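J.: Sequence:
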Amino acid sequence: MKIRDNVRRRFAGFVQIESLEFRVLLNSSLAESNLPPDGAETACNPMKDYSDAVSINFASDSETLAGTLLAEATLLGAVATSAGPVYVYDVDGPGEGIAIDGDYDETDGTKYNPYDPANDLMIVGTPGGVIIVANSWVNNGTWQRADFSGLGIVVDGRLATFADQRLGTGDVAFLAAKDGIGTAIVKSHVAGLPAGEIDVPGVMTIPAGEGLYSPGKSIGTAIIYGTGDSMPGDVVASNLTTFITGGGFSGDVNLTGTLGLLYTGYKAPGELSGNVSAGKITTFYANGA
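Residues -16 to 272 (our numbering) make up the sequence shown, in order.
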């Protein structure tokens, strides 16, 4: 992989900088090296080598950029359903965060089994769209309380229901659907896609920061129970009927149509610091700290 291309791809708005110097600060030691020229190949992959809480600085002749070097999102598999394929991502990256248990890869000829107790996720197609259940328990030799972090979902169709029944509360990164979302109930925070973008060819591209994403389509009910800042991720859709957060909300709501109900601080007071944009807002209640 080309280091230059890899770094460029992970930072939104970073197109080209000449005479770029690359510095990585890891475990209190400073490693410095010059990036190879465009086209040079190297076996080093900085996204995998330095994916653990690394801070970086980019310095060039004309400007300085700063950011956080993050693990790459990993596609765990595409599950075929009667309501369209479902793409399952681990946004934390390999070996990071809380693993998403299960086998969602059908390219080896083995069909995904929604009833396999080793799977964190039960994914089924229905006439009304895809239903995804985050299970309470998983069995990988012994029964364990189910939990994961960094889950990203893309549905090439309608996500009818996302029902979070986990006994843990690892963050969900994002839920995206091409043809709208019916109901999404999440027990944890919805953090948003942390950096760069995810492009699913022929389906959609999910930009950085998105938490609930269905541009041009409607979202019915979204309830996010995470404590503190319940949802740093953004909401993008045409209409949103009901949106409730257990605590605060620092993401943005971007709608082209109507927002029916927005209620933040349902479980405990929390700050509403995000922007809300809609053609019409019916009911707006923020239970501030």
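Don't read these hints as lab results, they were simulated from the structure.
Computed from a predicted structure; not experimentally measured.
You may find that some hints are simply not true.
Said to hold, decoys possible - DSBU-like, lysine-lysine: derived pairs with alpha carbons at most 35 Å apart:
(1) Lys161 / Lys94
(2) Lys94 / Lys200
(3) Lys250 / Lys200
(4) Lys263 / Lys170
(5) Lys263 / Lys161
(6) Lys161 / Lys250
(7) Lys263 / Lys200
(8) Lys170 / Lys200
(9) Lys250 / Lys170
(10) Lys94 / Lys170
(11) Lys250 / Lys263
(12) Lys200 / Lys161
J.: A separate judgement is required for each hint: does it hold in the structure or not?
T.: Quick rundown of the hints versus the structure:
no.	hint	verdict
1	Lys161 / Lys94	holds, 23 Å
2	Lys94 / Lys200	holds, 30 Å
3	Lys250 / Lys200	holds, 28 Å
4	Lys263 / Lys170	holds, 28 Å
5	Lys263 / Lys161	holds, 23 Å
6	Lys161 / Lys250	holds, 31 Å
7	Lys263 / Lys200	holds, 16 Å
8	Lys170 / Lys200	holds, 24 Å
9	Lys250 / Lys170	holds, 12 Å
10	Lys94 / Lys170	holds, 29 Å
11	Lys250 / Lys263	holds, 26 Å
12	Lys200 / Lys161	holds, 8 Å
When the structure is compared with the earlier hints, no violation turns up for any of them.
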